[in-house]
Amino acid sequence: MKYLLIIFFLVFSLAAASKPNIILIFADDMGWGDVGYHGVKDAQTPAIDSIAKEGVWFEQGYAAASVCGPSRAGIMTGRYQQLFGVVTNGDADKGIPKSQKNLAELLKPAGYRAGAFGKWHLGSQKGQFPNARGFDTFYGFHFGAHDYYRADKKLNKKKKGYAPIYFNQDIVDYKEGDYLTIKITDYAVDFIDENKEQPFFMYVAYNSVHSPWQVPDEYLERIPESVPEYRRLFLAMVLAMDDGVGRIKNKLKDLGLDENTIIVFTTDNGSPKIGNKKPNEGKYSMSQSHNLRGYKGDTYEGGIRVPFCMSWPKGIEAGMKYSHPVIAYDLAPTFLSAAGLGYSSDQFSGKNLIPYVNGEKAERPHESLFWHRHSGLEDFAVRHGDWKITYNDQEGANKDFVKKANIKLFNLAEDPYEKNDLAKSMPEKLQQVKKLYDEWHDTHQK
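Under my numbering, the first residue of the sequence shown is numbered 58, with each subsequent residue one higher.
To be clear, the hints were calculated from the coordinates, so they are not data collected in a lab. Mixed in with the good hints, there may be bad ones.
[What the hints assert, rightly or not] With a straight-line cut-off of 27 Å between C-alpha atoms, the simulated DSS-like cross-links for lysine-lysine are:
#1 K232 / K215
#2 K253 / K110
#3 K378 / K418
[As the list claims (entries may be wrong)] Restraint ranges, calculated between C-beta atoms of paired labels, are given here:
#4 E485 / E316: 50 to 56 Å
#5 D250 / N213: 44 to 50 Å
#6 G416 / P166: 45 to 51 Å
#7 S425 / K216: 51 to 57 Å
#8 K210 / Q488: 33 to 39 Å
#9 E116 / W270: 24 to 30 Å
#10 E254 / P166: 15 to 21 Å
Here the structure is a predicted model, which is why all the values come from computation and not from measurement. Ideal Cβ positions, reconstructed from N, Cα and C, are used throughout, including at glycine.
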């Protein structure tokens, strides 16, 4: 019996050691043109760039939504969030239904410890906090945005931007001089130290680069003065976050965990339009979509196409660029497959990306992708092959536009910047793709 127990322990230990650690780093309001590995010269993102260099970057990587709450619900479940009723930021504030498992809950059967750090925005009521939804450790805040230097000890619903910051269930003292991006990294690095003997899942959800735009002077000083003033502050905040990504990677390397750790960096939506000196001229935006049309909140490429890269030295080759469209929903089945967990083919809206990245599957992971948001205004899009339809009520920022708005049709292979609307010249193609949207929309939870 003694020897059987020893053998069981050894087998269990070897199985646990073979499971990769998983780290999902999720930025806030960061556009396709805000990372260096996309060829953007003014963005200083060496740590983020190294993830792309050591693994794969997805040239056509999409967020689950054009705004942060629904996007988080989608990436954390691997399912179209409309299927369980999360369509707006207000829906996200209420949380994900308990019948719908998130990544922490999905990975528990494989023995993963789970930690969430930073912005939650997936439930601001008891029963929906991270520790009640599968996470063993939490440091951060519950709402959609937060000041970087101040946190109150008591919630004032009129000032959610100063909401309490928690460590697990307890409100923490936020000392003068603390900078939230650095504190998020501190707790994430501690979590790696504390869980280095077992597989772990980390969800590092920086609120950077969301407003308010605040950063210590030391980071501003590292941005060249040649960078325009309206962009320097934003890029300094990106740099502070990138330093955090570097600290996380260095901790993994110091502990010998880097070879068998999956790291994903992506963002919740594209570039925010707010903060521009001249709102109608994209070149003056603090964040950059790198010539993609549109911004956060709409379904042009600039609102939903985002930085998206993944490394796993033990599991995928380095230095790859993957050209077919992928989306945030793909991460859940990718992570579960890597962890050795089975799932049904209809459980997720996404696909396990590893066989596609490694060349085992040559076809596209998705023939069609869908987006929809309704919050007084209506936005939707369908990407079917290289064809895309998009409808954006808020475009033009005036009440009359809602009456005049129409569905646009683009061929992204020929027109990646969505300049040539083909809706009038190809009405049959528009209706063909619109029918796909209507059929998908009928599956939503009302």
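Hints versus structure:
no. : hint                    : result
1   : K232 / K215             : holds, 22 Å
2   : K253 / K110             : holds, 25 Å
3   : K378 / K418             : holds, 15 Å
4   : E485 / E316: 50 to 56 Å : holds, 52 Å
5   : D250 / N213: 44 to 50 Å : violated, 35 Å
6   : G416 / P166: 45 to 51 Å : violated, 30 Å
7   : S425 / K216: 51 to 57 Å : violated, 42 Å
8   : K210 / Q488: 33 to 39 Å : violated, 57 Å
9   : E116 / W270: 24 to 30 Å : holds, 29 Å
10  : E254 / P166: 15 to 21 Å : holds, 19 Å
The structure shown violates the earlier hints numbered 5, 6, 7, 8.
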